[in-house]
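Engineer: Each chain, written out:
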Amino acid sequence: MDAIGVALLLATLRLSVPLAIAAMGELVAERAGVLNIGIEGMMLAGAFAAFAVGATTGSVGLALAAGMLAGAALAALFALFVIGRNSDPIVCGMAINVLALGVTGSAYRVLLPAGASTLTSPVMPEVAPGVNGFVLVTALQVATVVLFLSRTRWGLAVRAVGESAEAAHAQGVRVLRTRWAATIFGGVCAGLAGSSLVLWLTDTFVEGMTSGRGFIALALVLFGGYRPGRIVLGALLFGGASALQFRLQARGVEIPYNLLLMTPYVLTLVVLTLFAGRAKGPADLARPFVARE
Amino acid sequence: MPRVALRDIHKRFGSTEALRGANLELAPGEIHAVLGENGAGKSTLVRALYGLVRPDRGEILIDGVPREISTPRRALELGIGLVHQHFMLVPALTVAENLLLGEPLPAFLRRAELRARAREILELYDLGLDPDAPADSLAVAERQRLEIVRALARGVGVLILDEPTAVLAPSEAAALLSLLPRLRERGTTVLFISHKLAEITAVCDRVTVLRAGRSVATRPVAGLAAAELGRWMVGEALPPPGSPPAMAAGAPALRLQDLRVPGLGGIDLELRAGEVLAIAGIDGNGQGPLEEVLAGVLPIGSGTLEVLRPPLAVLSGDRQRTGLVLDLSIGENLALSEAAGAGRERLYRYGFLRSSELQRVARESIARFEIRGAPDLQARALSGGNQQKLCVARALGGEPRVLVAVNPTRGLDVAATAAVREELRERARAGAAVLLISTDLDEVLELGTRVCVLFRGRLTAVEPERRTRERIGELMLGLGGA
Amino acid sequence: MKSWRAWIEPSLAVLIALGCAVLVLVLLGANPARALVALAGGAFGDRLALENTVVRMMPLALIGLGVSLAFRCGVWNIGGEGQLYLGALAATALGTRLLPDAPAAILIPVLLAGGALAGALWAGIAALLKTQRGVSEVLSTILLNFVAVLAVAWAVHGPLQELAGSYPQSDLLPEAGRLGIPPGLLRIHGGVVLVLLLPFAVWLLLFRSAVGLRLRAVGASPDAARYAGVSPEREVVRALLLSGGLAGLAGAIEIAGVTGRLFENLSPGYGFTAIAVSLLARLHPLGVLPAALFFAALASGSGAMQRVAGVPSVTVQVIEAIVIFLSVGFALAGRRS
Chain A
1 MDAIGVALLL ATLRLSVPLA IAAMGELVAE RAGVLNIGIE GMMLAGAFAA
51 FAVGATTGSV GLALAAGMLA GAALAALFAL FVIGRNSDPI VCGMAINVLA
101 LGVTGSAYRV LLPAGASTLT SPVMPEVAPG VNGFVLVTAL QVATVVLFLS
151 RTRWGLAVRA VGESAEAAHA QGVRVLRTRW AATIFGGVCA GLAGSSLVLW
201 LTDTFVEGMT SGRGFIALAL VLFGGYRPGR IVLGALLFGG ASALQFRLQA
251 RGVEIPYNLL LMTPYVLTLV VLTLFAGRAK GPADLARPFV ARE
Chain B
1 MPRVALRDIH KRFGSTEALR GANLELAPGE IHAVLGENGA GKSTLVRALY
51 GLVRPDRGEI LIDGVPREIS TPRRALELGI GLVHQHFMLV PALTVAENLL
101 LGEPLPAFLR RAELRARARE ILELYDLGLD PDAPADSLAV AERQRLEIVR
151 ALARGVGVLI LDEPTAVLAP SEAAALLSLL PRLRERGTTV LFISHKLAEI
201 TAVCDRVTVL RAGRSVATRP VAGLAAAELG RWMVGEALPP PGSPPAMAAG
251 APALRLQDLR VPGLGGIDLE LRAGEVLAIA GIDGNGQGPL EEVLAGVLPI
301 GSGTLEVLRP PLAVLSGDRQ RTGLVLDLSI GENLALSEAA GAGRERLYRY
351 GFLRSSELQR VARESIARFE IRGAPDLQAR ALSGGNQQKL CVARALGGEP
401 RVLVAVNPTR GLDVAATAAV REELRERARA GAAVLLISTD LDEVLELGTR
451 VCVLFRGRLT AVEPERRTRE RIGELMLGLG GA
Chain C
1 MKSWRAWIEP SLAVLIALGC AVLVLVLLGA NPARALVALA GGAFGDRLAL
51 ENTVVRMMPL ALIGLGVSLA FRCGVWNIGG EGQLYLGALA ATALGTRLLP
101 DAPAAILIPV LLAGGALAGA LWAGIAALLK TQRGVSEVLS TILLNFVAVL
151 AVAWAVHGPL QELAGSYPQS DLLPEAGRLG IPPGLLRIHG GVVLVLLLPF
201 AVWLLLFRSA VGLRLRAVGA SPDAARYAGV SPEREVVRAL LLSGGLAGLA
251 GAIEIAGVTG RLFENLSPGY GFTAIAVSLL ARLHPLGVLP AALFFAALAS
301 GSGAMQRVAG VPSVTVQVIE AIVIFLSVGF ALAGRRS
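Chains A, B and C are the protein sequences, given in the same order.
Our numbering puts the first sequence at residues 1 to 293.
Our numbering puts the second sequence at residues 1 to 482.
Our numbering puts the third sequence at residues 1 to 337.
Calculated from the structure, these hints are not laboratory results.
Since the model is a prediction, treat every value here as computed from it, not as a measurement.
Mixed in with the good hints, there may be bad ones.
[Claimed, not checked] Partial pick of chain C residues on the chain B-facing surface, computed with a CB cut under 8 Å:
1) E9
2) R208
3) A210
4) L213
5) A220
[As the list claims (entries may be wrong)] Pair ranges (Cβ atoms, derived):
6) A:V290 <-> C:N31: 41 to 47 Å
7) A:N86 <-> C:P109: 27 to 33 Å
8) B:Y350 <-> A:L233: 52 to 58 Å
9) A:R227 <-> B:G14: 41 to 47 Å
10) A:E126 <-> B:G155: 51 to 57 Å
11) A:N86 <-> B:R260: 36 to 42 Å
12) C:L15 <-> A:V290: 39 to 45 Å
13) C:P109 <-> B:D258: 54 to 60 Å
14) C:F44 <-> B:R74: 53 to 59 Å
15) B:P91 <-> A:T118: 54 to 60 Å
16) B:L441 <-> A:N86: 36 to 42 Å
17) B:R260 <-> A:L176: 42 to 48 Å
18) B:A381 <-> C:G184: 44 to 50 Å
[To be verified] Reference excerpt, derived from the structure (chain A facing chain C, CB under 7 Å, subset only):
19) I90
20) V91
21) M94
22) G172
23) T273
We put the beta carbon where it would ideally sit given N, CA and C, even for glycine.
Please build the complete structure, drawing on both the sequences and the hints.
Structural biologist: See the structure below:
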């Protein structure tokens, strides 16, 4: 493979990783019946927390932990309303997104008042030549989710709760607890995905830097028909398309820049149009559950 | 000491009192029946015992110890299992996964191990199912058997069967009934919910009768006269049943010819003006698709459906889901059909509402059907009976000449039931053609000028000279050959 | 009786949100009193501030109206932002390229209608995807937002770029295409007439017309609506088209009344804030006006707050999020079976 090909491949990986990590987290939440459209905000919070902690401590480990914690915190807030009070998941997810924008934006200005010199976060080290640590993390995460869902008793509980909360409850499965845990896991993954934007893709934070990646991750879950393998494939496809777009842009190919930027969104819409109707999601997705009449 | 005792259980859902002082005691190792009409509170009582319903009052004792059963998990810990009337398997999971769900499994599951364990249980109980088959591929009787086996495999000592034979074919029901004494031999206490006298006298040791949320008697079954049970079940103070409207050979009003949709296998039917054609049958034999296709919600697969004397109105069998929009007001519910473009321009002019006209129409309906509420009251705030009256008011508002009524009195009290039935009779007398689809045999016999039975998506007419409960019961079970 | 009770819960939500805002301000190390006074001053302090607030209120009210209308039909139009951009794009194309020489009597109605139509068609994509292919409108409208924003960016770098070619922006609309300023205490553009009238029109539509009853029936119970002879699919398409039309109209009004030309980042997230507006208004068409005024005040006062008290203006989004949470969390609005 020539140098350009290698570069393209690497860029594909870099752009796929955040999508894959977030989508796998969302997959677990949705398999438990929780539709979380707040992962965009959770990614953003994760990105900021990783940046803030990374830039001030210089530690990648602490930055990662902070990113995941931030995602988990927002997920807990989301769960409090959606699982705890049966509030509408769409509205609450939107509120999480708005909240994350406001909080990260405010905190960023506090951390870095206008005129202050820029801060940079440390960068995730490579585990092998050319293989960033996040690639390993993603591989581990995907494998964990696959094994978790199909080979553990908690995974069985998650699937049962998402398919029929009532039936699972009647068998003694703790429905609300399972949904809480799955939502928090989704938040942790979103936070991790956000961290990767800071610790790998760039070394700094920009307001609203997730720019819809959380929504694309949501779409990927549908695209992959709720199957981990296909979701990862989808993430690679999207990462590849974005990488190609950057490459074309750099080459000065005569396609307007903004139209190229549209590709991931348009591609997602096209893919949803082709596949969404066919994807059979968990039967109890986004349905509230009341334990006792 | 009783194995299980429920004392003075009360439960209210919104405006309906499901239980008002129910008592039940199960002796160790007996088969105990709970008998009662639809809506007598049987399901609520067992759901309270299984932690699915929170009683407003009363106590539950297990082996003499008062217990709070807040979840099914707790019930299972106390050795109580429930096989629901509507099955509680997770459709997308396999037989093995369903069987072992909720069991104390090891953290990491190995497919082969799961399969082996499931097979072991299935073989122990002589149930030849493929552990890897998805649960939704099973037949009804297989699902039920799987649920029973699942409960037993979890070491349940008290097994509740909630109307287990309602969905079974006769031979399957017989097989299930023969299983019960075997469970008793193993020391399992069985609570058997039914409204079928024959089943109870065949296999049960004792019976508790529920009527209108109260337990009225508990007796040993041996030597008990069926007539006596029946009297307990329905009480003495029934209003004299009206008789079906006299047959007037009116003109054909509705004709179905070889109508087929999923769930209905070729329905032929001719409904005439002035008659009530009553269709009996156990739930799930095609009533749903028949209602939907008549309501125009389900497209016709093949065959024809002709409304010869329009308009046709459907009094839906599920007033909360399809009959009413609960968040809209009484007036808006009455206006909805017209807003949808059916009927005459009465309430709307140029697409805009004539408020005073709607108020007038709503008041008229409220007065005529004795609905307790004002035109602007949300339908959700009405009691079940008043909601049903509103449904009737709406269905009759367009002066239909064909009226399809599905379980029109389900869940209503005696007075509301009598009122709705009289209204249907009155419609028929006034020349409308009424198609009554009902799972209530008394209703069918009381209203139907002609009676048919729906079984597995097919319609069989009951011969006028053999119009008895027994004959219709046979047909409902598919024993129509004779 | 009922009418004053309808005000209590939203007012409480606003008060609690402001209370939370005080907490946030303390956390940020600002003087809350000073910041809030600056915020209020920036929103209502003088005539200029007030005009600024009312001008910002207009797109919020129009889009919020559309969001409410769609919500009433059980549809989530999260795509107000994109529909606004498309409306602005269409109005600009009409005014600067297609009909630059038309008289005001023709051009203004054409601009506004064109903007509304473009917004409606953009929402129509989501409606078609939902009814024909089963794609959730939540996801499709969100994605269409990104596409619309990028389409505008492309347009002002390409086909609609000013003829001088120096900045990524369109030419100014011809004078005949600009909304005039009606006489009155405030110097605000004529779009205000529509903004004050349309809530009443939508109220009439929702609560006094056959179409409105169908929409609300579908929103409350699609099954029961279908039984009553209503086609839920058709109502969903209708609701999304109307909703998108209102957002597109807001975009056209922004161009014709405020900016005079198209450029990137035309909207500071009006389409998203409008969701909060609609929830705070408890999905009521008339409630949209005070709710929009509240959020517009937050937006126009936030600049002053940043200057005077050193609080980042994005902090007001925290207030916005809290209002949304309060609106749904305590069942003020946003109920869906």
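Engineer: If a hint holds in the structure, say so; if it does not, say that too.
Structural biologist: So, going through the hints one by one against the coordinates:
1. The restraint placing C:E9 at the interface with chain B is violated, with a minimum CB-CB distance near 18 Å, outside the 8 Å limit.
2. Interface restraint check for C:R208: the shortest CB-CB distance to chain B comes to about 5 Å, inside 8 Å, so the restraint holds.
3. Taken as an interface hint, C:A210 checks out: its beta carbon lies about 4 Å from the nearest beta carbon of chain B, inside 8 Å.
4. Taking 8 Å as the C-beta cut-off, the interface hint given for C:L213 holds, the closest approach to chain B being about 4 Å.
5. For C:A220, the suggested interface contact is upheld, since its CB lies about 4 Å from the closest CB of chain B, less than 8 Å.
6. Range check, A:V290 to C:N31: about 46 Å between beta-carbon atoms, so the 41 to 47 Å window is met.
7. A:N86 and C:P109 have their C-beta atoms about 46 Å apart, which leaves the hinted 27 to 33 Å range violated.
8. Range check, B:Y350 to A:L233: Cβ separation about 55 Å, and the 52 to 58 Å hint holds.
9. For A:R227 and B:G14, the Cβ-Cβ distance of about 42 Å falls inside the hinted range of 41 to 47 Å, so the restraint holds.
10. For A:E126 and B:G155, the Cβ-Cβ distance of about 55 Å falls inside the hinted range of 51 to 57 Å, so the restraint holds.
11. About 41 Å separates the C-beta atoms of A:N86 and B:R260, a value consistent with the hinted range of 36 to 42 Å.
12. Between C:L15 and A:V290 the beta carbon distance is about 31 Å. The supplied range of 39 to 45 Å is therefore violated.
13. A hinted range of 54 to 60 Å holds for the C-beta pair C:P109 and B:D258, which are about 57 Å apart.
14. Range check, C:F44 to B:R74: about 58 Å between beta-carbon atoms, so the 53 to 59 Å window is met.
15. Look at B:P91 against A:T118: about 55 Å separates their beta carbons, and that is inside 54 to 60 Å.
16. Under the hint 36 to 42 Å, the C-beta atoms of B:L441 and A:N86, about 40 Å apart, fit the expected range.
17. Checked against the hint of 42 to 48 Å, the C-beta distance between B:R260 and A:L176 comes to roughly 44 Å, which is consistent with it.
18. The hint said 44 to 50 Å for the Cβ distance between B:A381 and C:G184, and at roughly 45 Å that hint holds.
19. For A:I90, the interface hint holds, since its Cβ comes within 7 Å of a Cβ in chain C; the closest pair sits about 5 Å apart.
20. Against a cut-off of 7 Å between C-beta atoms, the interface hint on A:V91 holds, since the closest Cβ of chain C lies about 5 Å away.
21. At about 6 Å, the closest approach between the beta carbon of A:M94 and any beta carbon in chain C falls short of 7 Å, and the interface hint on this residue holds.
22. A distance limit of 7 Å between C-beta atoms decides the matter here; for A:G172 the minimum to chain C is near 28 Å, and the interface restraint is violated.
23. Given hint, A:T273 at the interface with chain C, holds; its Cβ is 5 Å from that chain's nearest Cβ, closer than 7 Å.
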